[in-house]
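For the protein sequence lines, the chains are A and B, in the order given.
Throughout the first sequence, residue numbering follows the working numbering, covering 1 to 539 in sequence.
Throughout the second sequence, residue numbering follows the working numbering, covering 540 to 720 in sequence.
Honestly, the hints are just simulated from the structure, not real lab data.
None of these values were measured; they are calculated from a predicted model.
Heads up, some of the hints might be wrong.
Said to hold, decoys possible - Facing chain B, from chain A, some residues (calculated, C-beta under 10 angstroms):
| hint | residue |
| --- | --- |
| 1 | V475 |
| 2 | V479 |
| 3 | Y482 |
For each residue, glycine too, the CB sits at the ideal point set by N, CA and C.
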Amino acid sequence: MDNKAIVKFCKEVGCCDICCLRYLGLKNPATYENYKEYIHKYTESGVEVENNSEEQQITSNSVDNINGNTDVNGCDDEPPKKKKKISICVSCFGILQEENWSECFNMVKETLEKKRYECSTFACALSAPIATLLRDKAIILHLSDAFKDYKEDTLTPLKEAWKWTFGVKLAAQIGMTLDSGAISPLLITLNMEYPDEPQELEILKQLSPSLFQERQKQRRKFTVEFTRPSVEQAMDKISLEQLKGVDKWNKIPSVDIEAKCVSAMCVHAPSYLGGRYIKLSRELPQTPWLIKGKRMMESSVQEIIFEPIAKVFDLTPEDVEHRLKFMSAGREDVDVRCLGDGRPFAIEITDPRRDLTGDELKRVCEEISKGGQVIVQKLMHVSRNELSELKKGEETKCKTYEALCIKLGNENPEPNILNGKTPVAVTEEDIRRINEYRNTEAEDEAKIVVKQRTPIRVLHRRPLLTRTRRIYDVVARRVPDYPQLFTLTIRTEAGTYVKEWCHGEFGRTTPSLRDAAGFRADILALDVTAVLLDWPRPQ
Amino acid sequence: MKTMDFNILDSIPDLDNLKTFTERYFSKRYLINVDGIKNNDMMIMFHSNRIALLSLAPSHSFFSKNENYKINFNVGKIDRLNNSVKGKSKKGGQLLSPKSVICKIEFSDESVFEVPCCMKGTLVEVNEELVQNPLLLKNMPDSDGFIAIMLASIAISEATKSELLTHEEYIKCIDCSVNKE
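Based on the sequences and whatever the hints tell you, model everything.
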């Protein structure tokens, strides 16, 4: 490849310096950082090439330029020369031309100023106008035609060159270290739009009618006529002859208006907090309970935990709604307490400006716990990878419960006798029967296998299914002073509906406590006493 | 603070005012003399989440008949036992209108009670246990002896609930008709 010839060709076509290096296929970031030196290497020394899109400094040593203007800075009564209007690069629409960067720098600075991240590194990304795909392809086609050994895949992508040039300068401007997206959690994305793009992309309807005319017809289905993937697809198949056949595309058309930065977005990768909550209230849902926008219960575990965090980060209620997410390993009913070490949970904080200090985390726990309804003893940072442990906990780990039950009448009622509703005393025999009951083989680690239909209380929003669940152990005890009551310590597989097993739900859970005890029973109160999951794990 | 300090026995409720499972979750509504038939009295139990359980009201003539009986879910054109639903919205469930017959109670004296479902909705589940254990209907009509589970939209459920008799209104009607006789 004759690099000098290629650069000359590109410059004549109207490319900027950095784009010339792109078409040469240079891939070393250092090359782009010092692009002016490198470009000089590939230009005929001392000769300015036609349509040079570099800014020309008018100095008193007048430079002989192709336009034939010899400017001499001598006469005092001549107005000071303005900088020559820079031709906009026909490949990148000015995105890689330094003179356009200060506006971008300012937009980034403005956003960073608003957000005030504590992070000192960043990664940057470019959302480039789709029309650059067309321009790249067109120039490549012309290059391949002019230089037989020019390979189409030589081109260095716009985004890469942009990171190595704009990105490096941006780092200096904002005083932060530039890293890759894999390393830095802070991503700055610049959105560049090219005002003449719709007109330019119109030609694709001529070049690839099959792809685009269909889309135009189905306006309802395709709100956007030209998407990146569809344009990429079209580019694959275009030939130089086809392109030259389009009006004005015999050569590479000039660009009248440069691409503008419409937004500079800064987003930090989410951070995660992990802990366990103990729920002491029997009147508290886990998450806010609203029906048709109306609040059914005053507060929730989630809100009690979020409140002090929102305060530390100074979040508005809207922020809380959009930027804090509560996740837990399962949940308990409103009227069920969660005791023992508590239930594992995590909080996802979207676009965090900073991390909470150890002290702040301690104070958040104290704030949460002082209300007495929810206790969180420790809160710590966890990584995103850890989150899958929570889901595992919900689905596979066994739970232990304590249930308070009441005996209601005996089995095998005689017809016409009201049964199942009259409280009766629990005997030692009853206790023994419950503790010895099993419907599995002796070697099975679970004593009881039950089939549970979707409980009626959730049947309105869940599919009707029959679930098989295992109850590992049941230990019954009488209650001193209350002859008709008894307690059960129950260890079950994840996803077992304990209440339904106790009262049998009209026979929709079988076998139920009734089969183990030999009498009908009801459940008066339930506590979760253990959620066996190693969480949170210190990093 | 140790959670060892907390015990389930902290939560013993007032044992004089206990509600049964049915009373805890369901509101009973009634429709009497359905289709103009005297004492063809029906009961629908509405869960707070709008799921509806169909059964017979205590004043239904069924309860004063002493013949042996069978519950037949095959109502001629349709076998309710073939009902199957998929997904959250219970797609594929048999569609019900107020006059749809859910099951037939067939007595040994060859008489038959047709049980109407009394509301518009989708059939979610029938109580298949009634086939093996028909006595459940006689002994526990408002719990293990329920006949069927139905689901309707929030609008229809609310409307039906407000159109049918509440428990107090039902008691009054029964008293009135008893006194009339």
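Hint check results:
no., hint, result
1, V475, "13 angstroms, violated"
2, V479, "7 angstroms, holds"
3, Y482, "7 angstroms, holds"
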